[in-house]
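> Go by the hints and put chains V, E, C, W and P onto chain X.
There are 6 protein chains.
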Amino acid sequence: MSTVSPADQPPFDPRVAAVFADIRATRGSDFINHFWRYLAFDSALLESTWAEVKQVMATPSELDPLTKEMLYIAVSVANGCGYCVHSHTTAARAKGMTPAQHAELLSIIALAGKTNHLATALQVPVDASFDQDH
Amino acid sequence: MSTVSPADQPPFDPRVAAVFADIRATRGSDFINHFWRYLAFDSALLESTWAEVKQVMATPSELDPLTKEMLYIAVSVANGCGYCVHSHTTAARAKGMTPAQHAELLSIIALAGKTNHLATALQVPVDASFDQDH
Amino acid sequence: MSTVSPADQPPFDPRVAAVFADIRATRGSDFINHFWRYLAFDSALLESTWAEVKQVMATPSELDPLTKEMLYIAVSVANGCGYCVHSHTTAARAKGMTPAQHAELLSIIALAGKTNHLATALQVPVDASFDQDH
Amino acid sequence: MSTVSPADQPPFDPRVAAVFADIRATRGSDFINHFWRYLAFDSALLESTWAEVKQVMATPSELDPLTKEMLYIAVSVANGCGYCVHSHTTAARAKGMTPAQHAELLSIIALAGKTNHLATALQVPVDASFDQDH
Amino acid sequence: MSTVSPADQPPFDPRVAAVFADIRATRGSDFINHFWRYLAFDSALLESTWAEVKQVMATPSELDPLTKEMLYIAVSVANGCGYCVHSHTTAARAKGMTPAQHAELLSIIALAGKTNHLATALQVPVDASFDQDH
Amino acid sequence: MSTVSPADQPPFDPRVAAVFADIRATRGSDFINHFWRYLAFDSALLESTWAEVKQVMATPSELDPLTKEMLYIAVSVANGCGYCVHSHTTAARAKGMTPAQHAELLSIIALAGKTNHLATALQVPVDASFDQDH
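Protein chains in written order, with numbering that gives the first Met the number 0: chain X, 0 to 133; chain V, 0 to 133; chain E, 0 to 133; chain C, 0 to 133; chain W, 0 to 133; chain P, 0 to 133.
Bound-form chain X, shown alone (with noise of 0.2 Å):
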């Protein structure tokens, strides 16, 4: 189910058809997966989400490429986005992340969201010495 229609048969819309060609390259692999396929519905915000997707995962940086991953899994539980759980968790794996790896990723996620609603349940008052506003 979703609300729009998948781009899953050929012939293409040639802008969708470039953006796919795009992401097989740049992949190294024939896999469209659905977040794309369904994105297409609309070739102009297929274009620019995969240009910033690639230009901030796919383009060498400062954090490697399994660090990247791992905060977009953080990220996507923390929002309660189930198709981008486990989409990324799948591009972990592809990136090398051990199941010890992946049960110390889910500690500290799940440590974060205690902690997170410990202090709003306290309102605790920010430190001044935290403060990078001068």
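What you were told as hints is all true, and nothing was included just to trick you.
The list that follows gives simulated cross-link-like pairs (lysine-lysine, DSSO-like), each with its CA atoms no further than 27 Å apart:
hint, chain 1, residue 1, chain 2, residue 2
1, V, LYS53, V, LYS94
2, X, LYS53, P, LYS53
3, P, LYS94, E, LYS94
4, E, LYS53, E, LYS94
FYI, nobody ran anything at the bench for these hints, they're computed from the structure.
Okay, now just chains V, E, C, W and P, sitting in the frame of chain X:
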């Protein structure tokens, strides 16, 4: 402002004092941040929470200390916990996070926030190949 | 699957039947979607919820009906309510939302999700000029 | 700071004055907290919101008044509403919540926050026996 | 579908078997729900999570068992954890929650969700009298 | 307080100065609000974020400027971003939002928050007729 009164002057409850001493020894610093001072309104809750934070965040493990702090920031941002964002950004800086790493962390969190919203708006069905349930 | 049993076969509780009749009359359609059928496990909760939805969403007001549905979608996406995203996207289409408007709606929701995360990560102080508290 | 101006000086709009009088009578106190003063920027919104709060929270019902306030705190913490956490923690204390009950409330909220994150990270399928949909 | 494989057939890891045995003994039932079977992909995470759930939820304390389950439901709804809503609604029913109590619980959760959104939209400043920070 | 230092005094990094100049030209105002001043701690993140905001929010499109601001408010409220609620409420007023429209916006956001919580608590299954996935 807070929903409870802090433990900010000695003499403390001995159980609180013991936790504060362990926080200082573990961190090698005299500073006790507000989260622990306000959580000290209940010594049992303080003890169990610190024990878990120490185990997960201050014990050598699969992931390096800076990665762990960045994951904590990611969850805290998505959960909207201002205090937690402040405290763990300060901790990440103390563990060596550079401005460039901070900026990249924010670009990943922001992108995940964006695509989380898109996937939820599209109600994208999970790809069969993501499933580990077998 | 649900946490309650639906009211999906007549004869109904007369209070449920009255609400269902009013939903049909207000919408000009025989179709009663699942939300109301499951909420009918408690007739008082059904009555008060429908009364409020009818007042806010089905009464001529400052905002046009399509804008109101798009606002409902925006909140439902941010809150991660899959059912609500589905039902209000369907309602928005019935009120004339075009694919281009749908795509623009998603681009705004996605951008807001992104900058919400950035502002929270930065803990930006509110500008004095924004304040209406005088 | 607020996004609207409060109604904090008489003479008020008579509809606002009537709601304020009913709040005072219902609570047996002269104090009107900020939520109502700011919501008073729109008298209809003030009236309908107070009517619902009075019906749900201030009318004898299945659940006792303190349990109702603790449930309100639980939702408000999870939704990250600082003002609501403050106002309902104050209300719970006024209805007899002890420090030990407050600490236990926080330990349940924190644990639920933790396991909510774990279940979402694992994407646990719902057990068939939980289903009431028949 | 899940992001990990469940432990659903003996022989198990002895640490997993020990936790499952304790769950059965504590609950007086042979049934082990999915949350624990999937969390068992990491025996240490299973052990620590069960120990905390047992301590907080299955040990006699200030709050009665049904109130504790309703609080868990409240947090789980606000956090959008479908699995958790199902499992704790089932648990609350097993502990005696009536349909009338369930309906009242939902009316409080729904009202809190509503006023949480209003207070955030208004950015209501916290009343000085709510402060416990002294 | 903030987690980064703002760029609030010239001379700026030329890339920051160029973005600030474009913000001023686009908005026809000298005022640069805090979000951009703090985001300027990283010029690349500032550039890409402003480019997207300008494209989505300040370019003539399917939806009118006031509707776009109200949608932004709706998402920001649901995500609990106080700064964003303030800045976009100010922007909506500047684009002509009346107090009556503001009140109606809040009544829709509040109602959506309420029924989002109800649908999640009930775990309502999606109606087959809502599906666009064909």
